[in-house]
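J.: Spelled out from the first residue to the last, the chains are:
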Amino acid sequence: MKVLVAVKLTYDINQLKFEKDGTPLLDACPRVMGEADKCAMEEAARIKDAGKAEEVVALTVGSSKEHQRILKDAYAMGATKAVAIKVNDPDNLSALTIATIIASFIKKTGPYDMILLGSGAGDTHSSVVGPMVASLLNMPLLANADRVKVEEDDITIVSTLEDGQYKFRSRTPAVVTVTSEANEPRIPTIRDILRSKKKPIDEISPEDLGVELSKVDLVDVKRYEVPRKRVKIDATDNVEEAVDQLIKALEQEGVI
Amino acid sequence: MLYTINKGVLEELTGFYERLYYSTLEYFDPMIVSKTLHEIVSKESPEAVLFPCTNKGRMIAGLLAGLTGYDTVTDTVSLKPLSDGFEVIKLTFGGNASATLNVKKPMIACIVSGSYKESETLGSKGEVIEVNAGEHILSVEFSPRKLEGVDPSKADVVVGAGRGVKKKEDLDMIKELASILGGAWSVTRPLAADYGWADAWIGISGLVINPKLYIAIGISGQPHHTMGVRGAKVIVAVNSDESAPIFEDADYGVIGDLYRVVPVLIEKLKKGK
Amino acid sequence: MVDFEFSEDEIRFRDSVREFAKRYIEPKWIEIDDQGKIPMELIKKIADQGLFAIPVPEEYGGMGGTMVMAALAVEEIAYHDPAVAIAVYTLLQNGWPLALALFGQEEAKMEILPKVASGDAFFGIGSTEPQGGSDVAGNKTVAKKVGDKWVISGEKAFISGVREIQELPEGGGFFLVAKTEKPGWSHTRITDFAVLPKWNGKIREEWKPTVYEEIGRHGLSTGGFTLENFEVDDKYRIGEVNKGFYLVLQGFNIARILVAAATIGSARWALDKAKEWLTTRKLFQGRPIASFEGVSFRYAELYTKVEAAKYFVYKAAWMTDNTYLTKSPRFKPQDLNLPVAMAKMMGPTTATEVYTEVLKWFGAYGYTKECSAHRGWLGTFSYTIGAEGAQNIMKYIIARDTLGSDAVRNVWVKEE
Chain H
30 MKVLVAVKLT
40 YDINQLKFEK
50 DGTPLLDACP
60 RVMGEADKCA
70 MEEAARIKDA
80 GKAEEVVALT
90 VGSSKEHQRI
100 LKDAYAMGAT
110 KAVAIKVNDP
120 DNLSALTIAT
130 IIASFIKKTG
140 PYDMILLGSG
150 AGDTHSSVVG
160 PMVASLLNMP
170 LLANADRVKV
180 EEDDITIVST
190 LEDGQYKFRS
200 RTPAVVTVTS
210 EANEPRIPTI
220 RDILRSKKKP
230 IDEISPEDLG
240 VELSKVDLVD
250 VKRYEVPRKR
260 VKIDATDNVE
270 EAVDQLIKAL
280 EQEGVI
Chain E
1235 MLYTINKGVL
1245 EELTGFYERL
1255 YYSTLEYFDP
1265 MIVSKTLHEI
1275 VSKESPEAVL
1285 FPCTNKGRMI
1295 AGLLAGLTGY
1305 DTVTDTVSLK
1315 PLSDGFEVIK
1325 LTFGGNASAT
1335 LNVKKPMIAC
1345 IVSGSYKESE
1355 TLGSKGEVIE
1365 VNAGEHILSV
1375 EFSPRKLEGV
1385 DPSKADVVVG
1395 AGRGVKKKED
1405 LDMIKELASI
1415 LGGAWSVTRP
1425 LAADYGWADA
1435 WIGISGLVIN
1445 PKLYIAIGIS
1455 GQPHHTMGVR
1465 GAKVIVAVNS
1475 DESAPIFEDA
1485 DYGVIGDLYR
1495 VVPVLIEKLK
1505 KGK
Chain R
26 MVDFEFSEDE
36 IRFRDSVREF
46 AKRYIEPKWI
56 EIDDQGKIPM
66 ELIKKIADQG
76 LFAIPVPEEY
86 GGMGGTMVMA
96 ALAVEEIAYH
106 DPAVAIAVYT
116 LLQNGWPLAL
126 ALFGQEEAKM
136 EILPKVASGD
146 AFFGIGSTEP
156 QGGSDVAGNK
166 TVAKKVGDKW
176 VISGEKAFIS
186 GVREIQELPE
196 GGGFFLVAKT
206 EKPGWSHTRI
216 TDFAVLPKWN
226 GKIREEWKPT
236 VYEEIGRHGL
246 STGGFTLENF
256 EVDDKYRIGE
266 VNKGFYLVLQ
276 GFNIARILVA
286 AATIGSARWA
296 LDKAKEWLTT
306 RKLFQGRPIA
316 SFEGVSFRYA
326 ELYTKVEAAK
336 YFVYKAAWMT
346 DNTYLTKSPR
356 FKPQDLNLPV
366 AMAKMMGPTT
376 ATEVYTEVLK
386 WFGAYGYTKE
396 CSAHRGWLGT
406 FSYTIGAEGA
416 QNIMKYIIAR
426 DTLGSDAVRN
436 VWVKEE
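Residue numbers (this note's numbering), protein chains in the order written: chain H, 30 to 285; chain E, 1235 to 1507; chain R, 26 to 441.
Hint data in this document are derived by calculation from the structure and do not stem from the laboratory. Take the hints with a grain of salt, since some may be wrong.
Said to hold, decoys possible - List of simulated lysine to aspartate or glutamate pairs, EDC-like, C-alpha gap at most 16 Å:
#1 Lys1339/E to Glu1364/E
#2 Lys226/H to Asp34/R
#3 Lys261/H to Asp1491/E
#4 Lys1502/E to Asp56/H
#5 Lys46/H to Asp56/H
#6 Lys1388/E to Glu269/H
#7 Lys307/R to Glu1476/E
#8 Lys47/R to Glu191/H
#9 Lys110/H to Glu83/H
#10 Lys1290/E to Asp192/H
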């Protein structure tokens, strides 16, 4: 099997801070490979370890030092090849452009038996890139997998959606997106890290793929907070009194 | 124009539509749903295709975007038509930020539940057209979510349990509290996905709910959970850790041991009745 | 000038250890401190993650890494195990295996080191004796040559790992310091050996261990043992006969850097816990405790000291890499004495100072078991007491190397 894993360099939103005027401090925010993307990479590594795949290509849109770092991490997790798409400002590209780049790369360097992505990026979580890639390649989509099983030329996933649990199955080639619950990604050992240091990262530009870049027309990004009253009720000593206080407040709000 | 694969929805619709298309499917298969929708969209040439911002919604939205080439936004909380497109406000960065963008028509958008109030006026219902979705592309096996009690996505009051609740048996008092308030109960993702104490959970990857009252019991308040209850009118949190992030997202934060607070709350509510 | 930043790979490595420690060590450190034992599964997991024998060359089954990486690993583990038992177990499985790799004989290295790297065996230090630890030249354990074997008799005390060796599948042993042929105070009549009381699953009867009960850092055992005519093949001799004193001191230098790294990791945990407390706990109508300058200024001092102590550790680690693990050494082994002593003096002392202050800030809460800061206090304090080098010996080394031994000397000994 030949597997492609598309990974994204995302902001670690748990560490994202904002200015007083609400502007996000993006430059100071650490950037990482998202949790779901790590699971996608882990899934591919397991398929390779099981002897079912000889090639695992890790791809990311962006060629900055940090993008190269997550590709090295992909190598450390078991990728056999790593590719960075040379784009200066990948964060402002539309989801469709990203998907088109990925699909074009797949068409150019394929055929691949399985395309793996995280089901939602760690920072934006729009979850549409995977499905877009499937449509662009006219491949079946197995999305939101909490569990993935790969047979000879057959992929089955278990996915939990709003109304219950689905088992989706399809022949290869297929696009699979995995959630951050799909597995526990391996932590690269020191040997994995040291070996990944020297591995080559191929670079390719969108022009070479025949893709025109389309940016998002962003007006602004600001901190968003649903204003909450943030009234604190201390129930560490007098629980009865605290609960009385709470019930009174909720009655006044008209919710009970 | 509306498209649904759930004919039962016809009885619940309150809004205005010119044409309602529906397909009858054995199971949800995103491939044939998106293909069928693509045919309808090609015929109707809408300025916008709107989806609920659910897992299914995002999936179909993405598939349709690949088929049509339309610009796509998700997590949308507001849309404003402009001359050649829309001004869209969407949530991002775990719901901690909102981005305002201009999107050209035609566009695809996923709307966050609770962003708009239900329409009061019962507009005229138009044509109802059946569309054959065709043969399944994926093979599908479906196990419906076992619903214990009231459906959290429909209830006015929801009580949520998080990792502060130590044993499965302790959920009994959560259920009792929900029952006294005439509402539903649910859990955070770890209690469902990791411990298996429930089938569904509240969060960005699970149920997104907009009750009048949400009571978070023993929940720390991680962004992927709180994004699921952003639309609640009033949020109450009970947690013994004063520095838990949930208190930033709560209207009333009770700092205390849930094992002491919840029983007292249940008792007083019972007496009040 | 120098580049004061870690390399990209050192950062990636540190982040991987952080992830590992968060996942597997942080949830268990308190339980381990309470139960007084590191579970075998955890030791195996740490080994499988490649965190033992980091600076040991790959040809002996080591990770082929550096002392800087070993220090990063130990510091991160200690941050998630403030009682430092797991951190110390890990550092011992890095420092003394490196010493064996540098000074031991090929056959013994090939036999012992891969098993340490895999987590199946323990290899620590056996130097301290009941009558004294700081005075290594005063050791009384004797090794006599009989044919092509050595027969060792004596008693060791305050040795880490005595219980673990008995429990690990392969067992393990110590970098043991002994007098050659006869006792008597001497620098020039010491030979070192890799002594394996339990090996290939068998415990030798000539090894009689006891395990002590300590007041803290419970996860790692400390004990003593006697050797009664314990036979050891000459292939296990570490270094040349009678050159052992200088080799074990080099081993101590290596281990001390990692000990300091552990105490700093633990101190950082205490500072972070304190930061949360000082900034969110409010008194006197909404004033955070940190708004009292007596508190915030003290925090500032302690933060600065921990940062400074960190630089000592990494400079010493970097110098060690450039002494032993490079094709073109920039330093000689004796150049490490002063920087290592400074690191080993500063690390534990600073950590203890941090904990003492932090416990005061926590008030009565700090006195409860729930708070757990006391575990870090006890753990790091143990390294001011002794453990790989008493505080006062560190001061002696610094004084001697800076003021000159002629001026500083107040002990006159003669070779016996």
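J.: Indicate, hint by hint, whether the structure satisfies it.
T.: Results of checking the hints against the structure:
{"no.": "1", "hint": "Lys1339/E to Glu1364/E", "verdict": "violated (27 Å)"}
{"no.": "2", "hint": "Lys226/H to Asp34/R", "verdict": "holds (7 Å)"}
{"no.": "3", "hint": "Lys261/H to Asp1491/E", "verdict": "holds (14 Å)"}
{"no.": "4", "hint": "Lys1502/E to Asp56/H", "verdict": "violated (51 Å)"}
{"no.": "5", "hint": "Lys46/H to Asp56/H", "verdict": "holds (10 Å)"}
{"no.": "6", "hint": "Lys1388/E to Glu269/H", "verdict": "violated (31 Å)"}
{"no.": "7", "hint": "Lys307/R to Glu1476/E", "verdict": "holds (11 Å)"}
{"no.": "8", "hint": "Lys47/R to Glu191/H", "verdict": "violated (31 Å)"}
{"no.": "9", "hint": "Lys110/H to Glu83/H", "verdict": "holds (11 Å)"}
{"no.": "10", "hint": "Lys1290/E to Asp192/H", "verdict": "holds (10 Å)"}
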